[in-house]
Amino acid sequence: MTIDQRGQIGLEFNTFGFIFEQVFISLKRNVLLTLASVITMIISLSLLGCSMLFLANASFVAETFESQVEIAVFLQDYLSSEQVVDLQNKLEKIEGVASVTLTTKENAIKEFEESMGSKTLLEDLGGINPFPDKFTIQTTDAHLVQDIASKVSKVTGVEKVRYGQGVLEKLLQFTDWLRWVGLAIVVIFTIASFILIAFNIKTNVYSREKEIQIMRLVGASNSFIRWPFIIEGMFIGLIGAVIAMVIVGFTYTWLLGYVMSNLTFLPVVADQLFISKVLGAMLLSGIGIGVLASSISVRQFLRT
Amino acid sequence: MIKMKSISKFYPNGARALYDINLNIHKGEFVFLVGQSGAGKSTLIKLLYRDEIPTRGQVIVDSDNLIRLKEREIPLLRRKIGVIFQDFKLLQNMTVFENIAFAQQVVGKPKKEIENNTEVLLEVVGLSKKRDVYPDEISGGEQQRVCVARALANNPPILVADEPTGNLDQDTAWEIMEILSRVNKMGTTIIMATHALYIVEKMKKRVVTIDKGKIIDDRPEGANRFGI
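Protein chains in written order, with numbering that gives the first Met the number 0: chain P, 0 to 303; chain F, 0 to 227.
Source of the hints: derived by calculation from the structure; they are not laboratory data.
Backbone N, C-alpha and C define an ideal beta-carbon position, used for all residues, glycine too.
Don't take each hint at face value.
Said to hold, decoys possible - Stretches of chain P that chain F covers, calculated by requiring three or more beta carbons in the stretch to come under 8 Å of a beta carbon on chain F:
1. 72-82
2. 143-149
What the hints assert, rightly or not - Derived BS3-like pairs: lysine-lysine, alpha-carbon spacing no greater than 25 Å straight-line:
3. K110(F) with K209(P)
4. K129(F) with K27(P)
5. K184(F) with K211(F)
6. K203(F) with K27(P)
7. K129(F) with K111(F)
8. K88(F) with K27(P)
9. K209(P) with K2(F)
10. K159(P) with K109(P)
11. K27(P) with K92(P)
12. K26(F) with K201(F)
13. K203(F) with K2(F)
14. K129(F) with K209(P)
15. K27(P) with K26(F)
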C-alpha cells in the first residue's frame, strides 16, 4: 500500500498478492462456513436453472399447442378465381393473420381421394365436386383466433368459418395457466435463491466482525478490508455456479433424451444455444449474488 | 504531540461523557488516566484514535486535526497509534506470530520485512518460544503481551492502552508495565487508562484524574501521593 501526497491510499501489486493469499487462508480457516455457502449456492442456482428450463418448456408446450390452432374458411361456390385471389388479399390484410393458404376444390377432392385410396371418387359422385374452395388461416397469436374468425365470417364471399370452437377456449386457458405457473416458479426461485445466498454470505461476514474491527484498528484501509470479502464472495459464487451448471446441464440432457424417446408427444426445448444461455445466466447470477451480498454485508462494518 | 482543546462529548441520549477537557501531552511522555468506572477515561482514549468524535472542541494528534480528518485518512492516523485493550482483541484463529504479522500486512509491508520485524517484536515481549501457538492456549498475561507486540508492530509514535492490566493478576500486570516502560524509554508516547492505583503510585509518572467527565487533577511526573 502506498500513500501519495494527498494522503490517498493506493493498492500496489504486492498488496494484491497478499489479498489473494488472505482469501485462500480465510476460505481454508472458515472451511465449514465456506462449504455451507457453496452448498447453498449450488442448491439455489440449480433450482433457479431448473425453474428457467421449466418456464421455457412450459411456454414451448403452450406455443406448440397454440400453433396448431387454425381457422378454416369455406368459400361460396360461385366465385371466380380472380375473386378468390381478391379475397385472399383481403384476408391477409386482417390484423393478426400470419398466413392464408388456399386449397382449391380440385385439390381438396384429390387429397380426399388419396386419403380414401380411391381414384375414381369424382366419377363416382357423378362429376360433381362437393368440396368448396377453402382458405386455411394461421394467426400470429391463438388469442386472436375468435376475433379474426368473426371478422372473416362477415367478408362477402365467405360461406362458413370453422375453428375449434369450445376446445380453443379450454386450450387457451390451459396454456395461459402453464405460462403463469412457469413464470411464478422462476420468480419465486429467483427471490428464494437471492435471499438464501445473501443470508448465508452475510452470516459468513458477520462471523468475522471481530476480524474486521481489528483490521480497522490497526489501520487497514477500507478497500483493503473489503477486497478479500468481495473476492471470496465471487469465488464462492463461481464454484457453486460451476457445480450447479454441471448438475443442471447433465440432468436436463438426460431428461431430454428420456422424453424424446419415451414421451414423444411432449414438445421439449432441445436448443443447445438456449440451454447454454440458461447455464450462463446461472453463472452470472452466482457470481453477481456472491459479490453483491458480500460487499453489502461488509459495508455495514466499514461505516464510522 | 497530543492536544485536546475544550473537548465535550455528549451521547445521543444526552448523557455527558466528557466536559471541557483541556489536555496537552508531549512527545515521549507517559501519562496515566485514572478515575472511577464511567468517569470518561475510555471515551477520552477513543477520541485519540478517532473511534469517537467529540461533540465540541478540537483534538490534534501529531499535527492532524481529527475533527477534520476525512474518512479515508483514518487508517493513516491509526497506523500512528498503537492500541492495547483490556480484552486483548486477538484473532483466535491466528497464531501468535500471525496476529502480530497481520497488523503489518494490512499496511502493505513486504513479506521479508514483516517476518524479521515480527521475530524482533516477539523477542521484545518475550514470546519467541510461543510464536506458533494460538491465543487460547496461552495465559492472559501472554495474550496481553501479544497485544502489545501487535500495537508496536508498525512503530507508532503513540501507544494508547485502555485498562491493559484489568484482566491480569499483579505479577503479570507488572510484566506488562515493564514492557511498556521500556517502550516509553525508546521514545514512544504512552497514554494508559487504569484504575490500578498500585501501578500508578509505583511508576511515578504524570497522572491525569478524571471524574464525571472533567479533569479534576493533573499531577506531573515524579509526584508521590494521589488524592483518589
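Hints and how they fare:
1. 72-82: violated (count 0)
2. 143-149: Three-residue rule not met by the region 143-149 of chain P, so violated; n is 0.
3. K110(F) with K209(P): Satisfied, since the Cα-Cα distance of roughly 24 Å is no more than 25 Å.
4. K129(F) with K27(P): holds (23 Å)
5. K184(F) with K211(F): Roughly 32 Å between the alpha carbons, so the hint for K184(F) and K211(F) is violated.
6. K203(F) with K27(P): violated (49 Å)
7. K129(F) with K111(F): holds (20 Å)
8. K88(F) with K27(P): holds (22 Å)
9. K209(P) with K2(F): Between K209(P) and K2(F) the Cα gap is close to 30 Å, so the pair fails against 25 Å, i.e. violated.
10. K159(P) with K109(P): Measuring from Cα to Cα gives roughly 21 Å; hence the hint holds.
11. K27(P) with K92(P): Roughly 68 Å separates the two Cα atoms, so the pair is violated.
12. K26(F) with K201(F): Given pair K26(F), K201(F) holds - Cα atoms ~22 Å apart, limit 25 Å.
13. K203(F) with K2(F): Holds. K203(F) to K2(F) sits at ~22 Å (cutoff 25 Å).
14. K129(F) with K209(P): With a Cα-Cα distance of about 23 Å, the restraint between K129(F) and K209(P) holds, given a limit of 25 Å.
15. K27(P) with K26(F): Measuring from Cα to Cα gives roughly 44 Å; hence the hint is violated.
Checked against the numbered hints above, the structure breaks hints 1, 2, 5, 6, 9, 11 and 15 and satisfies the rest.
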